[in-house]
Amino acid sequence: MVTAKLMLAGIDPFLAALIGGVLVGGALGAINGCLVNWTGLHPFIITLGTNAIFRGITLVISDANSVYGFSFDFVNFFAASVIGIPVPVIFSLIVALILWFLTTRMRLGRNIYALGGNKNSAFYSGIDVKFHILVVFIISGVCAGLAGVVSTARLGAAEPLAGMGFETYAIASAIIGGTSFFGGKGRIFSVVIGGLIIGTINNGLNILQVQTYYQLVVMGGLIIAAVALDRLISK
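Residue numbers (my numbering): 825 to 1059.
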């Protein structure tokens, strides 16, 4: 929504995408991280609350209407393909590669894994827990912002309710991809595979003409089953 508003204000579309996707997404992620650090509440509670707040702000600034009529160059860029591969897929792979490098080749990534495994042990090992929590939320916000930019380009409009319920698919992709709900375990490309599995299931259900409501039931069941299996394996 921010990207669309900036483009309509006459700002270069790709600069608007940078500001709207990276900076605003990162800033909102930082707000989540600060709230988690300051309140000590579980991140799930914080993000559940801020999700409603941010969604409400989006509806306010858009007056609950779709925003369209912006640059065709922006839309066409994300609608294009390179050697038969859609630009959004290439875009996603680049982001995945960056995150893979961060988590496997940098100290920051190793510290994040340690933090996810046991916060107290990470603290006593000299890891700045609050700083790393903030960084994780900023990265998450940037990724969400970039996803919003791609979604806006693909739809050709900024929809205030776009992405509603996507958190369910994100959780399912991560857990089915082997990420532990209890922290400290998971791989970037395993999550990508998890996302492909979820996409395949959704496409299969669409081909079978299964209604969206039932698809949500399937996703919810998969999440519960995957978490239960993870818990069983952890024991």
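Hint data in this document are derived by calculation from the structure and do not stem from the laboratory. Yeah, the Cβ is synthetic: ideal placement off N, Cα and C, and Gly gets one too. There could be a bad hint or two in this list.
Stated by the list, open to error - Ranges between beta-carbon positions, derived for each pair:
| no. | residue 1 | residue 2 | range |
| --- | --- | --- | --- |
| 1 | Ser905 | Phe947 | 44 to 52 Å |
| 2 | Ala888 | Asn1027 | 29 to 37 Å |
| 3 | Ala904 | Arg879 | 29 to 37 Å |
| 4 | Ser945 | Leu1053 | 20 to 28 Å |
| 5 | Cys858 | Ala888 | 23 to 31 Å |
- Message: Which constraints among the numbered hints does this structure fail? Numbers only, ascending.
- Response: none
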